[in-house]
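Chain Z is already provided as a structure; the job is to place chain G on it using the hints.
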Amino acid sequence: MRTTVASAALAAVIACSTSAVAQTPKRGGTLNFAISAEAPTYDCHAGNTYAVVHAVAPFYSTLLKFDLSKYPAVEGDVAESWTISPDQLTFTFRLRDNVFFHDGTKLTSADVKATYERLRNPPAGVVSVRRASYEDIAEITTPDERTIVFRLAAPNPSVFQNFASPWDCIYSAAKLAEDPLFPSKTIMGTGPFKFVEHVRGSHFAGTRHDRYHVPGQPYLDGFRGVIFSQGAAMLNALQGGQVLAEFRSLSPAERDRVAGALGPRLRVEEESWVLKLTIAFNAEKAPFNDPRVRKALSMAIDRWGGSQGLSRIATLRAVGGVMRPGSPFATPEAELAKLPGFGRDIRAAREEARRLLREAGHPNLSFVLTNRTLAQPYTPGGVFLINEWRQIGVTVEHRQVETAAYNAAQSSGNFDVLLDFSNEFMDEPNNGLTKYISSDRSPNNPARAVDRDLDRLYDLQRRETDPAKRNAIIREFEALAMERAYTVPLLWWHRIVATHTHLRGWQMSPSHLLGQSLAAVWLDQ
Amino acid sequence: MLRYLGRRLLLMIPTLVGVAILTFFMLRVVPGDIVEVKLRGDGGNVTADVIAAERARLGLDQPLIHQFGDWMLGLVTFDFGVSMWTGRPVVEEIALRLELSFQVAVMATIVAVLIAIPLGTISALFRNTWIDYVVRIFTIAGLAVPSFWLGMLVILGLLAWFNWLPPITYTPIYVDPIANLSQLIWPALAVGYRYAAVVARMVRSSLLEVMKEDYIRTARAKGVFERLVVMRHAMGNALLPAITVIGLEFAFLIGGLVVTEQVFNLNGIGRLFVQAVARNDFMLIQTLVMLLAVVFITVNLIVDLTYAALDPRIRYK
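Keeping their order, the protein sequence lines are chains Z and G. Final position of the first sequence in the working numbering is 525; the numbers increase by one with none missing. Final position of the second sequence in the working numbering is 317; the numbers increase by one with none missing.
One chain only, chain Z, in its complex shape (with noise of 0.2 Å):
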């Protein structure tokens, strides 16, 4: 799914770009990189948000990490190798022998084995943002120093690509036993960087880790990640080259401004995002407790047309169903096509909506849309559905709340409609179709919706190991979900990554939360 920029200058920053893929790594030199956003915490387990992985991944290792020249597969970080039992319940994982933390001690399966605990059952105190991911995982035991089995009390296809989690970090179980919450306080871990320090507000700095398990890496001596508030600042750093990245994403328009300064300077690489905006109706609220209501206002919406206008000032661009199109659980657009709300003919579509809202009862409907303040890619989304639904004498207020007012009316149900996003590191339906199940379940669903339909299909595909059965059984829950429409999907983002070109071995990926390690970026200079 990555698409070439279409203008000249990129293109020639493009061709730049590939002429130099075949180089031998220099060592040497510190990278300055951007981050747009400031870490609440450095404790991986309890972050929330990319700011905590662009900020701390250096430090870190994970049992696995994510192969980027073949996502989705995975390969070891400190595992060096794994076996998969055939009922898939039992994963058994060999760690390598030079895996070392920053404090000299060796890593051991001791230490893995606390992780992945604190992060299944962590003790009072300490906070684990993805608890359920592992909630399957029975028990874990290890034989040696170097062997660790995970042994799951049902099968779960995704918790394998899980092991791969940057969120993951593997801490020291010593530094555990004397205090759970260290990894809040102190950054100490067996990653490519150690840390050096952080001014909060302003930067973070790690320095090479000489006994890094990766022979040769990490090229770099060092790294300092810029924290930047504002957007225009950001950009200037980076085109005056006082930092060679900001690894998340650029829009559209800060591409072509950077991009037009820097000229062969400047790589852009641009690939779909596992990131989409999707709209919950609140379905405790006349009229969207009415299933046609919320059908209409999905229909109404030119999905198609959007994508090709929204992509040209905001960061979305494909459409797609409850899976990132070009994912392996993705629907094919043919398929999709005869989707509610995902037809190529809008006025036929349009006209369906109108007539199910007259049949609702609520031909000139109004409702209050409400929308977070952030520039990418809200307001232009946001202000693109309040013209679709004029489209159908629907009449929309657009409602931009800071984000702390924003989470208290998705929690508080003080909504009507709401634009809301999804944030994943990979494309796995376990985490994705949380959108769309029951909100008693699934704290990620804020439509306040109860169907057990859907909840009954989402079980059935998270116990189902078998891929083809998997997809048909997801195909009928996203049929089912977008018929009910209580969240559907508007579009699904686009990630914009302008590097300087003398910055070399970072890999784009589907995700802004993978490859962040650095340990095989270098500088040629």
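Note that these hints are calculated values from the structure, not bench results. Treat the numbers as computed from the prediction; the structure is a model and nothing was measured. From the three backbone atoms N, C-alpha and C, an ideal C-beta is built for every residue, glycine too. Be a bit skeptical, because a hint or two may be false.
[What the hints assert, rightly or not] Quick list of simulated restraints, FRET-style, between CB atoms:
#: 1; chain 1: Z; residue 1: Glu-476; chain 2: G; residue 2: Gly-74; range: 52 to 60 Å
#: 2; chain 1: Z; residue 1: Leu-181; chain 2: G; residue 2: Pro-63; range: 20 to 28 Å
#: 3; chain 1: Z; residue 1: Asp-221; chain 2: G; residue 2: Ala-179; range: 17 to 25 Å
#: 4; chain 1: G; residue 1: Asp-176; chain 2: Z; residue 2: Trp-304; range: 30 to 38 Å
Using the frame of chain Z, we list chain G on its own:
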């Protein structure tokens, strides 16, 4: 004088208590809480029990009056608590940024005073001449142009013409004066220009008023040189309103440079304030408001005392 000073200092206490009560309870009316922003702000399937546990850890599940009592007790003992966002002591968070904000405020004040007093004086003395017109255009432009926009122009100009940008991270002046000044001089100039415009107009109008006073006419009638009339007799009185403006502007600059700090990527108090508000970091917001209240009250006191020093007619008892 000392009794006056003591009385003013004692008056600070009820003022600050009032500020504390208003700040605490008004913040609680604002929808949303920091736990949701922290754990759900970027999406995610965080369960209600995790949210509840974190709220309990931060004491947000306690009755309001209990939370208020704890905070007031902390204020009295100079324990300002910890930031709910970072978990670090609030004092540490503020101290980290105060040095930078204070330095920018001092530098901008120096820039403003150095520009405003000569310009305001010249403008008044050459009233309705081309010199006055030029100065007035300069000052009106200073009022009309937002500091942050001027800052953006400065940054873009440096980038376009010199391919150079000020450093993006702060270095204290005692560590590396050149790095420090090359970062902070630009925001100081951008902010100082608007500040200078305000003060220059105040100096001009005030001096024009004073120059019409009887005692100035008397001085001239005695044959005192015009320069002495202005410098010795007029300026002292003309500067009094300007000093009030300089004081208030200085206090404002400590926490009010929100957008300018963002434009220059400065890790200052203004940016911290906005972030704290966006995150509903109650402990940090409360302490920042108290800090700014103390700054304003102190600056006002200093202004009043300066009045007494400059104007022999004013005596505080």
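Quick rundown of the hints versus the structure:
1. Glu-476/Z <-> Gly-74/G: 52 to 60 Å: Once the Cβ atoms are compared, 57 Å apart, the range 52 to 60 Å for Gly-74/G and Glu-476/Z holds.
2. Leu-181/Z <-> Pro-63/G: 20 to 28 Å: holds (26 Å)
3. Asp-221/Z <-> Ala-179/G: 17 to 25 Å: holds (20 Å)
4. Asp-176/G <-> Trp-304/Z: 30 to 38 Å: violated (56 Å)
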